[in-house]
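Chains A and B are the protein sequences, given in the same order.
So for the first sequence, our numbering puts the first residue at 1; every next one is plus one.
So for the second sequence, our numbering puts the first residue at 1; every next one is plus one.
You can trust all of the hints, since none of them are fake.
Per label pair, the in silico range of CB-to-CB distance: (1) Ile-178/A <-> Gly-151/B: 49 to 55 Å; (2) Ala-112/B <-> Leu-157/A: 48 to 54 Å; (3) Arg-181/A <-> Ala-149/B: 48 to 54 Å; (4) Gly-151/B <-> Gly-39/A: 37 to 43 Å.
A few chain B residues that don't get close to chain A, going by computed Cβ distances all over 10 Å: (5) Arg-189; (6) Ala-209; (7) Val-226; (8) Asp-243.
No wet-lab data here; the hints were simulated from the structure.
Where is the CB? At the ideal position from N, CA and C, for every residue including glycine.
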Amino acid sequence: MRSLRLLPAPWTYGFIVALVMWITTTLYGGLGSAGATAGAALAFGAFSVVVGTGQMLVIASGPGNIDLSVPAVLTLAAYASMATMHGQASMILPGLGIALAIGALAGALNYAAILALRLPPIIATLAWSFVFQSVAFTYGGDATLKPPAALSAFASLRLGGLPVMPVVVMALTVLAAIMLRRTLFGRRLLATGQSERAADLAGVPVRRVRLGAYMACGTAAGLTGFLLSGFSGGAALNMGDAYLMESIAVVVLGGTSVAGGQANALGIWGAALFFNLMATMLNTFHFQAGVRFLLTGTLIILIVAVVPRPRTA
Amino acid sequence: MTDATLPARPRAGRPAWLRDAVAVGLPTLALAAMLAVILHIRPSAMSYFGFTLLFKLATPLVFAALSQMLVVMLGDIDLSNGSFVGLVTCVTALFLQPSPVVAMVIFALMIAAYAGFGLLIYLRQLPSIIVTLGMSFIWLGTAVILLPAPGGTAPAWLSGFMGWRPPILPLPIWIAIAAAVLGHMAITRSSFGAVLRGAGANPRAIERAGWSLVGIRAAVYAAAGVLALLSGLTLTGLTTSGDANVAPAYTLLGVGAVILGGGAFTGGVVSPVGTVVGALTLSLAGSLLSFLQVPPTWQIGAQGVILFGVLAGRILVTEKS
Chain A
1 MRSLRLLPAP
11 WTYGFIVALV
21 MWITTTLYGG
31 LGSAGATAGA
41 ALAFGAFSVV
51 VGTGQMLVIA
61 SGPGNIDLSV
71 PAVLTLAAYA
81 SMATMHGQAS
91 MILPGLGIAL
101 AIGALAGALN
111 YAAILALRLP
121 PIIATLAWSF
131 VFQSVAFTYG
141 GDATLKPPAA
151 LSAFASLRLG
161 GLPVMPVVVM
171 ALTVLAAIML
181 RRTLFGRRLL
191 ATGQSERAAD
201 LAGVPVRRVR
211 LGAYMACGTA
221 AGLTGFLLSG
231 FSGGAALNMG
241 DAYLMESIAV
251 VVLGGTSVAG
261 GQANALGIWG
271 AALFFNLMAT
281 MLNTFHFQAG
291 VRFLLTGTLI
301 ILIVAVVPRP
311 RTA
Chain B
1 MTDATLPARP
11 RAGRPAWLRD
21 AVAVGLPTLA
31 LAAMLAVILH
41 IRPSAMSYFG
51 FTLLFKLATP
61 LVFAALSQML
71 VVMLGDIDLS
81 NGSFVGLVTC
91 VTALFLQPSP
101 VVAMVIFALM
111 IAAYAGFGLL
121 IYLRQLPSII
131 VTLGMSFIWL
141 GTAVILLPAP
151 GGTAPAWLSG
161 FMGWRPPILP
171 LPIWIAIAAA
181 VLGHMAITRS
191 SFGAVLRGAG
201 ANPRAIERAG
211 WSLVGIRAAV
221 YAAAGVLALL
231 SGLTLTGLTT
241 SGDANVAPAY
251 TLLGVGAVIL
261 GGGAFTGGVV
271 SPVGTVVGAL
281 TLSLAGSLLS
291 FLQVPPTWQI
301 GAQGVILFGV
311 LAGRILVTEK
321 S
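This is chain A alone, in the form it adopts within the complex (with noise of 0.2 Å):
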């Protein structure tokens, strides 16, 4: 990390294109558009920088561990939280309590599954997905709730012309990437998704180390779930199927490596901010959806191609 390179490293590329896209946009909008691109980018990258630094310490938990169930916890734990405020301000801290406590319980189903059911990752948390996706459905039905006024205020509020949340959450990627370098956990959790068996030799409790992985996922699913249903307004059943792919593509964009043991969280912000303003790009220069998403996989692919390897184990 500490050496000198000629390339910037891979994990920056994110910021570097979302930079050129924003500066893109204003040339096309003009100056006066530049705040209002920029607030944009930074709300709606704040949720996906929250899911994506869930789906992180999973995949940095090991080879093939990955949580597909995060849309449906989303949804879940975004109805569940509408049902417990009602619309009231003074039931936020409960409602907020729920939509976490759910998330957990989705994580440790999840890994529970594995464990139990020696399921790769991908089917347990698929199967898992399809079951809160149905619990959604069944005791969600009621999509008319609004969050309370209070939530909704908090989401959009803006100090000085600096929107709170998305400084919020960046507050929790910096603790994010503390915890992941200096904590006892960090640590654990690295050694452990570089090699399973090292790690358990060396005295990690590797099951814990992974347990624990999963809640966390699935605790950042539940907050996202809470935090977007007051920013939109409401709890929608496909409120989350957007976060399913995007969680993943971030926190890979973002420098974090798919082979586990490695992990970075301030990568997640750059690739965040470069989908959301390439999404704000295309609609600027009226591109239809299927162009946006032509030009998405095509730079997903040559951004994963381009840049130099991140280097593993």
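Given the coordinates of chain A, work out where chain B should sit on it, guided by the hints.
Using the frame of chain A, we list chain B on its own:
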């Protein structure tokens, strides 16, 4: 490619033939059990026509699952499978009838692109999960550009073929049997199949034995593209129109079928017969749940439970010491 692996391979405590038998046997048992329940509830389904209806939608899923199986065989995973099938339905519904040559050229380009991405993954040692994720956006985007809203028409011969009633068994069953037998011959029994599986299980050994991994991987990805093309063609024959978003579920259902059928993400461990049975099981699960009058909101969840159930059975049988 280390981006998708099982936590632990079952230890070789039991003879290999038993493990293979279990791999195919369990989903077959699950399939038989589901059929038994359906026939118990609705004995009239025990007919040529009843089976035709029950397995009607299985054919495209069988091909999609086999396509996924080839990629899993190499130790990769393909997240773009479903949107590729969607693109095929769009191209088919738009071009195959009025200008077959254009359609053929597009199909050929798509398969070449598939092979190209497969090569890119290998040559740059990229994680297949993220490259195929990008590919899925490319297929979806192209499909939406070609056909922004569902529409077009399937050529009459294609829908005619899918509606064909061959003797003795319904068409979906014949196709499944043919696919399983051909797959078994090509992948499990032939010596070339052993090389292909080896390319996923132990690429270095295959390379040392004088094979070109580049060639093998490009060919296998191209074959996966061809199978996904068949999936899209048969699906268009059934739905008679094109839709970019018709089959996103095929990606993960296909992965589910491969694993149900005894495959593993370690590479080299796949069973074509198991995959076909797995795909039939998953597509029959939907019919079973409506026969059992499971409320629609619970049907997805119940499919998850079925997936758990069958896979749990595999663990119980293979790992008992």
